[in-house]
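What follows is each chain in one-letter form.
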Amino acid sequence: MIAELGLAALWLAAALAALQLVAGFLAVRQGEGDLAALVRPAAVVQGILCVFSFLMLVWLFVRTDLSVKLVAMNSHSDKPLIFKLAGSWGNHEGSMLLWVTVMSAAGALIAFVERRLPERTMQATLAAQGFVALGFYAFLLFSSNPFERLPVPAVEGNGLNPLLQDIGLAFHPPTLYLGYVGLSVAFSFAVGALLTRQVTPEFARAMRPWVLGAWIFLTVGITAGSYWAYYELGWGGWWFWDPVENASLMPWLAATALLHSASVLAARDALRAWTIMLGVVAFSMSMIGTFLVRSGILTSVHAFAVDPERGSFILALLAIYIGGALAVFGLRAGSVAEGEKFSAVSREGALVVNNVLLSAILGVVLLGTLYPLLTEAMGVRVSVGPPYFDPVGAVFVVPMLLVMMVGPLLRWRGDRLARINKLAAVGFVGVLAGLLLAILLGAGVLPTIGLALGIGLAIASLLPLRGRNVRRLPLATWGMVIAHLGVAVALLGMASESAFSEEKLAAVKVGESASVGPWQVTLAAVDPVAGPNWTALEGVMLASYGGGSLTELHPQARSFWSPPQETTESALVTRWNGQLYAVLGKAADGERWQVRLWWKPFVTLIWYGGLMVALGGLLALVGRVREDLRRRYVQRKAGERRMDLAQ
Amino acid sequence: MKGWRFFLPLALFAAFVGVAGYQLTQPKAEFVESAMIGKPMPAFEMRAASPDRPGLSLADLKDGRPKLLNVWASWCVPCAAEAPQLATLQAQGAPIVGVAIRDRPEDVAAFLARYGNPFERIGADDMSELQLSIGSSGVPETFVVDGQGVIRYQHIGDIRAEHVPLLLGKLREAGA
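Residue numbers (our numbering), protein chains in the order written: chain H, 1 to 647; chain Y, 1001 to 1176.
Some hints could be false.
Claimed, not checked - Quick list of simulated restraints, FRET-style, between CB atoms:
id	chain 1	residue 1	chain 2	residue 2	range
1	H	399	Y	1064	50 to 56 Å
2	H	515	Y	1044	53 to 59 Å
3	H	145	Y	1065	34 to 40 Å
4	H	525	Y	1133	30 to 36 Å
Stated by the list, open to error - Here are some chain H residues the structure puts well away from chain Y; computed CB gaps all over 10 Å:
id	residue
5	319
6	330
7	423
8	481
9	559
10	591
It is worth saying that the hints were derived from the structure and are not from the lab.
Note that CB positions come from ideal geometry on N, CA and C, so glycine has one too.
Take the sequences, apply the hints, and build the full model.
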């Protein structure tokens, strides 16, 4: 019954999405009418039904109902509860259902709370949201039904891909999805505003919290994903330029640009067409990313649930939605493009440059990701990796970092560079100091640039606080300062990791030691251990930093039996100045064990920096929402006073 | 006309849909191949994964005879499923060498005792280093390597009965 209830709710939700689309479209064409009143309630009920449907799926996984195909394929009664929960979205069908659930819940929320936009624009926005949701419902109902029953219930389930059986990864996809799908709201806003030609600062202010929210989730998701890849895959790297990673980076880049241009639109009523364009592009990048990962059109180390037939379905959706939105953009953008003028040297000017550079970086990543596809169409097979992304990306990242140092110091509308010369000099000194430091320590070219710019940007990020009462500074400004500082911190971590990491591959007997950097590591024992659904060989290592006290490490080589797969559990020791990373290999020759050790100075800054960026976004979001509520309160009070006066 | 630039994004996107759509209609085997096809194998040297077969190095692949290089592991169920096909291939004269991924010697020996041993040599790839460097992302996979150590073909997944003639054909194309 549970599965049937879930499926029925999904069909009903799809019907309501259709109603939302038709009613919204007619309301926009014909102005106010009976149908117009249906749009908001339809969106709210659609959201509730879809959430209900998703909860039914989760319940099936919790009960391990093996008469449902998806559960039998992806779960196992032996599995810990938390991974049963994660199993509900750790597969193609479940993750698509989660996607549409988050999207319809977001639609319900806008319908419920958003009152700033003109009603017609709101209806057009909800119609667009219903239209996008409808395609995904069709995808689920016709091609990937998560509630499909098996003719004969399975005796035991298949289990969850062991690589996914990790608490960090269990919550990684939902985090990214909240980001991707949050961008669908920005997309619908952009389409709605284009349809009614209402691209105003009010529109930017209404859209901004959604973009910020999505961007925070994307930032956290990417940061967490990078850390997961780092400790779980056992290769000691934190970014591989894998298509799956790029699929999350591209919407992030577009959303970052969108966030900044929406600020210009909100504050200065400029960059109208550009903001709309980024709103469309950001969500398009989420969808293109999903398509690339799910269709099997590109191969990736961690793509799962790959199926070209479904790929065609997603491609058709892409063509309709993105193609449709870009066509509307082409037709309408000309009539909304006009905005306020500003001089090149101004906050707006810096934000425009930053936007162009972010878009260029997005182009570099997109091209690198799609290049194998393009050349394959011409019969040549190539793989694109760090040798392309690192230097080509740096060409645009370096000037962007320089603009980040100066931009926040400039005033809106127009400014003179002479006014900030002294401030800029402080940042410049930081760059020089970093450069000197990196050269003294003998780092390579890119790490040297990274260290120099990281130190410069860290100093420059704090300069907007200078001479201001920090207690009365708006939260949004704090958010900007912390997010920019986070970029500097992450950059320092990346540069330090690539410049100063040391690696040691040794074959040692139990009782013998190996050293890497300042660390002395002794292999004390290798013991078999067992978990709920795996067995492992666990190394006991004693590590000492510079002859100091001993820390115990327990790296494992795990074997899962359902499905059979081996994973590496690296062991880490984190100090303030870096991480020791240890991996246990296999027996080298009866007595010796292969041990791989890395000393990575300041590597943790990469992820702390990422979290700081997200924290900055969160502060800005809280600040913006509070500001909006206060403005609404003041307007209501003013309205009441006018009413009193009139009486 | 001034507004044409607003249609540029649409044009770029249409090009993407065109290429992606074309690629999707291609047979699957066409586009899951390794980017390493046509490239020489990287230099490597692996200890023996089991006591009764020698280890594997680049020099062994450059002995002039084209070979099948089978990437497998004792813990992999599809590898057990493809064992009869490997035996058939060997019986039809295909030289086969193996790379055991993250495996234990005793498990390798047990697997070979149970499912047969079609391998001339088996190298142990304890950290999946060779596997990753030749563009393989799972087990089992089978590569056709010519006598000069250049990768000619990649087969992803288990070898089924219908793939046997195909692999023999690729081996012949590689000069066997």
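So, going through the hints one by one against the coordinates:
Restraint check, residue 399/H to residue 1064/Y: a C-beta distance of roughly 53 Å satisfies the suggested window 50 to 56 Å. A beta carbon spacing of about 26 Å between residue 515/H and residue 1044/Y contradicts the range 53 to 59 Å that was offered as a hint. In this structure the hint that residue 145/H and residue 1065/Y lie 34 to 40 Å apart at CB is violated, the actual value being about 50 Å. At roughly 32 Å, the beta carbons of residue 525/H and residue 1133/Y sit within the given window of 30 to 36 Å.
For residue 319/H, the condition that its CB be more than 10 Å from all CB atoms of chain Y is violated, with the nearest at approximately 5 Å. Not every Cβ of chain Y is farther than 10 Å from the Cβ of residue 330/H; the closest lies at roughly 4 Å, contradicting the non-interface assignment. The Cβ of residue 423/H sits about 37 Å from the closest Cβ of chain Y, beyond the 10 Å cut-off, so the non-interface label holds. For residue 481/H, the shortest C-beta to C-beta distance to chain Y comes to about 33 Å, beyond the 10 Å cut-off, and the non-interface label holds.
Against chain Y, the non-interface label of residue 559/H is violated: not every CB pair exceeds 10 Å, the least being about 6 Å. Non-interface call for residue 591/H relative to chain Y: holds, since the shortest CB-CB distance, roughly 13 Å, exceeds 10 Å.
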